[in-house]
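Letter by letter, the chains look like this.
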Amino acid sequence: MTAVVDRPEAVPAAGPEGPDEPGGPRPSAPPSRQWANKLGGFALWAWAIAGLIFILAPILVTILFSFNNPAGRYNYTWNEFSLDAWTNPFRYPDLADALSLSLRVAAVVTVISTVLGTLMGLALVKYRFRAKGIVGGILILPLTMPEVVLGFSLLTLFVTVNWTRGFVTIIIAQVMFSISYVAVTVRARVRGFDWRLEEAAADLGAGPWRTFVRITLPIIGPGVVAAALLTFALSLDDFIITYLNSGLSETFPINVWITKRSRIPPQINVFTTTLLLVSILIAVAVLYWSHRQGRKLAAPGGGSDE
Amino acid sequence: MARTAEVDDTASLRARHWWVPYALLAPGALWLIVFFVVPLFSMGRLSLEDGGLANYANVISDNSTVIVRTFVYAGLATIIALAIGYPLAYVIALKGGRFKTLLLALVVVPFFVTYLVRTLAWRILLLEDGPVVGAARTLGILGDDQAIVGSPFAVVLALAYNFLPFMVLPIYVSLEKIDVRLLDAASDLYSTPWRAFRKITLLLSLPGVFAGTLLTFIPAAGDFVNAELLGSERTVMIGNVIEANFGKEFFRPELSALSFMLMAIILVGVIVYARLLGTEELV
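Chains A and B, in that order, give the protein sequences. Quick note on our numbering: the first sequence kicks off at 327 and runs consecutively. Quick note on our numbering: the second sequence kicks off at 1471 and runs consecutively.
Just chain A, with the same shape it has in the complex (with noise of 0.2 Å):
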């Protein structure tokens, strides 16, 4: 037992001062051992403190320089410190109406594949057919392509059937990587629960939409929210696909893309440093609802606490 009480479930602070030695001090092993596991608890911390600093130096750099009053048109070297960017964020138009369309296609695409990708996870959760392995390798195949080569033949298609590259294609060619990623985070979140609460309620005289509002949508609910939000930040993301079949369209990376030989202005880390920012509180805030809606359904008569 002792074995049990040595391994501490909760870790101390995680500063270089106080690490924790992994297996924990044994009563029998010699003072060296001790030594040598306290240094390699040491040396773990410290290396995974270095690597969170490498994970998030640009993360930082990127918020920094928004402060930042380049002497050029290229906010690549610190100058000096300026709100300029922050009071005067639409300086550039054409940079601006690149953010809207973005936040415009990954509204649309969001609404698309959540609901796609959560009809495809649930039916693959809760049934069993015939064609099941092949649905799954369809659905997986996507993420082991590189995303030029994903880009790429979409575009061929559109070009063999003469299709006007634009805000439409750009919405195809998200939805079709995203729908992926959807059905298998919703697989993974309602794997393993028990449906046979709906036939219980059906018994009991709930009918289908009562049935789907009370018991399904608890189930599902926060994975699809958390599906929903990664489908959200995918589409703000992604560069290359939709590079390749826009056309004359321009997201907000496209245009960063387009633009970067003559400028690269501050407030393209204006613009990220709030999407950054919105995109941290959401996740908080649908975190912690997704906790409560979990313990809702967890305790006896949940539910009934509004």
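Source of the hints: derived by calculation from the structure; they are not laboratory data. This list has only true hints and no planted wrong ones.
Straight-line distance between alpha carbons at most 20 Å, and here's what the computed SDA-like set of lysine to any residue pairs gives:
{"hint": "1", "chain 1": "B", "residue 1": "K1669", "chain 2": "A", "residue 2": "G367"}
{"hint": "2", "chain 1": "A", "residue 1": "K452", "chain 2": "B", "residue 2": "A1493"}
{"hint": "3", "chain 1": "A", "residue 1": "K458", "chain 2": "B", "residue 2": "A1496"}
{"hint": "4", "chain 1": "A", "residue 1": "K364", "chain 2": "B", "residue 2": "D1658"}
{"hint": "5", "chain 1": "B", "residue 1": "K1570", "chain 2": "A", "residue 2": "A376"}
{"hint": "6", "chain 1": "B", "residue 1": "K1570", "chain 2": "A", "residue 2": "A609"}
{"hint": "7", "chain 1": "B", "residue 1": "K1570", "chain 2": "A", "residue 2": "W615"}
{"hint": "8", "chain 1": "B", "residue 1": "K1570", "chain 2": "A", "residue 2": "R618"}
{"hint": "9", "chain 1": "B", "residue 1": "K1570", "chain 2": "A", "residue 2": "G367"}
{"hint": "10", "chain 1": "B", "residue 1": "K1570", "chain 2": "A", "residue 2": "I379"}
{"hint": "11", "chain 1": "A", "residue 1": "K364", "chain 2": "B", "residue 2": "D1654"}
{"hint": "12", "chain 1": "A", "residue 1": "K452", "chain 2": "A", "residue 2": "R540"}
{"hint": "13", "chain 1": "A", "residue 1": "K452", "chain 2": "B", "residue 2": "W1488"}
{"hint": "14", "chain 1": "A", "residue 1": "K458", "chain 2": "B", "residue 2": "V1504"}
{"hint": "15", "chain 1": "B", "residue 1": "K1570", "chain 2": "A", "residue 2": "L370"}
{"hint": "16", "chain 1": "A", "residue 1": "K452", "chain 2": "B", "residue 2": "L1494"}
{"hint": "17", "chain 1": "A", "residue 1": "K586", "chain 2": "B", "residue 2": "N1715"}
{"hint": "18", "chain 1": "B", "residue 1": "K1570", "chain 2": "A", "residue 2": "L382"}
{"hint": "19", "chain 1": "B", "residue 1": "K1669", "chain 2": "B", "residue 2": "E1646"}
{"hint": "20", "chain 1": "A", "residue 1": "K452", "chain 2": "B", "residue 2": "Y1492"}
{"hint": "21", "chain 1": "B", "residue 1": "K1570", "chain 2": "A", "residue 2": "A369"}
{"hint": "22", "chain 1": "B", "residue 1": "K1570", "chain 2": "A", "residue 2": "S616"}
{"hint": "23", "chain 1": "A", "residue 1": "K458", "chain 2": "B", "residue 2": "W1501"}
{"hint": "24", "chain 1": "A", "residue 1": "K452", "chain 2": "A", "residue 2": "T537"}
{"hint": "25", "chain 1": "A", "residue 1": "K586", "chain 2": "B", "residue 2": "E1598"}
{"hint": "26", "chain 1": "B", "residue 1": "K1570", "chain 2": "A", "residue 2": "W373"}
{"hint": "27", "chain 1": "A", "residue 1": "K458", "chain 2": "B", "residue 2": "H1487"}
{"hint": "28", "chain 1": "B", "residue 1": "K1669", "chain 2": "A", "residue 2": "G366"}
{"hint": "29", "chain 1": "A", "residue 1": "K452", "chain 2": "B", "residue 2": "W1489"}
{"hint": "30", "chain 1": "A", "residue 1": "K458", "chain 2": "B", "residue 2": "W1489"}
{"hint": "31", "chain 1": "B", "residue 1": "K1570", "chain 2": "A", "residue 2": "F368"}
{"hint": "32", "chain 1": "A", "residue 1": "K364", "chain 2": "B", "residue 2": "G1567"}
Part of the chain B face toward chain A, derived, beta carbon under 8 Å:
{"hint": "33", "residue": "L1510"}
{"hint": "34", "residue": "T1584"}
{"hint": "35", "residue": "F1716"}
As the structure is a computational prediction, the values presented were derived from the model and not from experiment. Even glycine gets a Cβ: it sits at the ideal position worked out from N, Cα and C.
Take the given structure of chain A and dock chain B to it, following the hints.
Just chain B now, with coordinates in the frame of chain A:
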């Protein structure tokens, strides 16, 4: 399997509503067939236009350096991402304690900053007058006449960076599932922590490593953003060739051949890799 009970109970219901799963699948599956499967065929057909298989021979001989370079860069980026990502996932999953969620959230923060802007931030960090060049010069690693931006190092580093969360998350998931009592048992049986790690933790996390390395390698092999923003003509990758030559209205069959070849190499590689690691699980 928890699923068997549900299957028995609803067998009759299932028989009456056999079409329900197909109805649920139809819209999404149709979308994927028309806009994912069909385009692969249209690209394949186009790659054989005027020239047939000779198009492939031409593309390979014209771009042999670029093709080799692409897979070397993607491979190096994957190794770097694994070296950074595995220990990070390990610490979060097994030592994170109550900071687990926070640490995991920090790993995915880059997803909320557009890919292109993230890569531009590396340009800021690695350009002349940037902090990295200054530090490297002081340490004597970098000569006064040498630059980081434009070098293969910058491209590989940024590739590793951009797909690092795809490495950390699957490894984290597989480590998280490990029953820590196994490690306690090993320790009680006088196994050293290192031996316990190799025989238990590493083995059980292989599905995560498999998924993570693929999710890093595949997008890295097809990328052209990093090589364009941080590289030079010495660091051109397959994606750059496609990006530089695709017209908004027309393109040559060779481009389809190049793209098809990239896909084929990756698919074959994935299958071989899956056999080697002995796992069929991808996501």
